[in-house]
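*Asks:* Chain by chain, the residues:
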Amino acid sequence: ETGVTQTPRHLVMGMTNKKSLKCEQHLGHNAMYWYKQSAKKPLELMFVYNFKEQTENNSVPSRFSPECPNSSHLFLHLHTLQPEDSALYLCASSPSQAGTNGELFFGEGSRLTVL
Amino acid sequence: ILNVEQSPQSLHVQEGDSTNFTCSFPSSNFYALHWYRWETAKSPEALFVMTLNGDEKKKGRISATLNTKEGYSYLYIKGSQPEDSATYLCALRGGSNYKLTFGKGTLLTVNP
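Protein chains in written order, with this note's numbering: chain A, 1 to 115; chain B, 1 to 112.
These are computed hints drawn from the structure, not numbers from a lab.
One should not assume that every hint holds.
Unchecked claim - 20 Å max Cα-Cα, derived SDA-like pairs, lysine to any residue: (1) Lys41(A) / Pro8(B); (2) Lys42(B) / Arg111(A); (3) Lys52(A) / Thr16(A); (4) Lys41(A) / Ala86(B); (5) Lys40(A) / Ala86(B); (6) Lys99(B) / Gln37(A); (7) Lys58(B) / Asn20(B); (8) Lys40(A) / Lys104(B); (9) Lys58(B) / Lys99(B); (10) Lys42(B) / Thr5(A); (11) Lys78(B) / Pro112(B); (12) Lys99(B) / Asn30(A); (13) Lys104(B) / Ser38(A); (14) Lys41(A) / Asp17(B); (15) Lys40(A) / Thr101(B); (16) Lys40(A) / Arg37(B); (17) Lys41(A) / Pro61(A); (18) Lys99(B) / Lys19(A); (19) Lys42(B) / Glu24(A); (20) Lys22(A) / Phe75(A); (21) Lys40(A) / Glu39(B); (22) Lys19(A) / Pro69(A).
What the hints assert, rightly or not - Residues of chain B placed beyond 12 Å of chain A at every Cβ, according to the derived structure: (23) Gln9; (24) Leu11; (25) Gly60; (26) Ile62; (27) Asn67; (28) Gln81.
What the hints assert, rightly or not - Some chain B residues judged to face chain A by a derived CB distance under 10 Å, without partners named: (29) Val4; (30) Pro8; (31) Val13; (32) Pro26; (33) Ser28; (34) Phe30; (35) Tyr36; (36) Pro44; (37) Phe48; (38) Val49; (39) Lys58; (40) Arg61.
Beta carbons are placed, not taken as given, at the ideal position from N, Cα and C, and that holds for glycine.
With the hints as constraints, model all of the structure from the sequences given.
*Replies:* As structure tokens, this is what we get:
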């Protein structure tokens, strides 16, 4: 139990669906992250929020829309996805975006399949 | 874009063997090097965060070294156990925006 909870753990959606991934952290952290893990690729950073403000958008297509209503919650809204968007989406948090240690605390991920 | 390379991609060892793997990274604009352990169906878990050249850290049977001048870090596991089976990720915090860039990982399988 890392203190970062992601729901749902598995999601299957059609290309015309709208769905959302949710991440919640109970660690009192101020930075939250979305990463994408595709097969045979390294973890790719998608978005970073620091104190509820988006500080990083790693050229992510607009069909992925993040939302961070407070420092404990992070959403990834999904709309008109493509089959190549099928991947494991990992949420992480850290005390703040920068900092000497800055180790990330990860959730277990949401496995997304786009049909 | 920072290039973080890990080798080997995968490794099979027998229980009791000691093993090590490598993380290579560009040595310029170095800030920190992270190691994570990722068991199947679980979340990646931080092992070490290393910042100083020559640093050596240890947690039980696992240790890591860091050479920031030549751009590499080694992870060592002494007396591997089946529960050590996991993917070991390294990640570099560096560059102009201090973003964390991950390698593809080394998948370790320890056979009983």
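*Asks:* Tell me, which hint numbers fail for this structure?
*Replies:* 3, 9, 14, 18, 23, 30, 31, 32, 33, 34, 39 and 40
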